[in-house]
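2 protein chains.
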Amino acid sequence: MFVILVYDVGEKRVGKVLKICRKYLTWVQNSVLEGEITEAAYKRLKIELKRVIEENEDSVIFYILRTTKYSERETMGVKKGGEEIFL
Amino acid sequence: MFVILVYDVGEKRVGKVLKICRKYLTWVQNSVLEGEITEAAYKRLKIELKRVIEENEDSVIFYILRTTKYSERETMGVKKGGEEIFL
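In order, the protein sequence lines correspond to chains A and B. For the first sequence, counting from 1, position 43 maps to 43 in the numbering used here; every step adds exactly one. For the second sequence, counting from 1, position 53 maps to 53 in the numbering used here; every step adds exactly one.
Be a bit skeptical, because a hint or two may be false.
Computed beta-carbon distance windows for the label pairs [what the hints assert, rightly or not]:
id, chain 1, residue 1, chain 2, residue 2, range
1, B, K79, A, V52, 12 to 22 Å
2, A, T38, B, V52, 33 to 43 Å
3, A, E11, B, E54, 38 to 48 Å
4, B, R13, A, E74, 31 to 41 Å
To be clear, the hints were calculated from the coordinates, so they are not data collected in a lab. Glycine included, each C-beta is placed from N, C-alpha and C at the ideal position.
Please build the complete structure, drawing on both the sequences and the hints.
Structure representation (structure tokens):
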């Protein structure tokens, strides 16, 4: 499955959150990562994040795409990161 | 179609970009909006954004989902915005 992860976390935790996310997904833009990931790896990612974020302050959103067949990505302006393989 | 928009733009342009995006999509998190949008409205959104952003400095990514049938959204921590109708 393909996951788009966006996070909005406290300044003190950004470094830790980004470090964890980068183990599983590709950084594409400030607070945005994406990539193919297995169910098992996705579970591990969530467990690791849960240990770091402040549940009542931070926000992490996962968009889970079972298939990328019906989706595409368009970029305006500079391409900051990411891989071309998405779509 | 359903669009997830993420932006990473210069401080001076954030207000303008957010104002434009909010005309078309729902704010869900810092620099992230989402929502159902027609092709015509999507074109207008891009034209308006092109007038405001600095092409060689700012980055806007659109994830376009033709259908949300194969996708879902999961939130960890606080829910900052958005509507429940997504998936």
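Here is how each hint holds up against the structure:
Taking the beta carbon of each, B:K79 and A:V52 are about 18 Å apart, inside 12 to 22 Å as hinted. At roughly 39 Å, the beta-carbon separation of A:T38 and B:V52 lies within the given 33 to 43 Å, and the hint holds. The given range of 38 to 48 Å is broken by A:E11 and B:E54, whose C-beta atoms sit roughly 25 Å from each other. A C-beta distance of roughly 19 Å is found between B:R13 and A:E74, which places it outside the suggested range of 31 to 41 Å.
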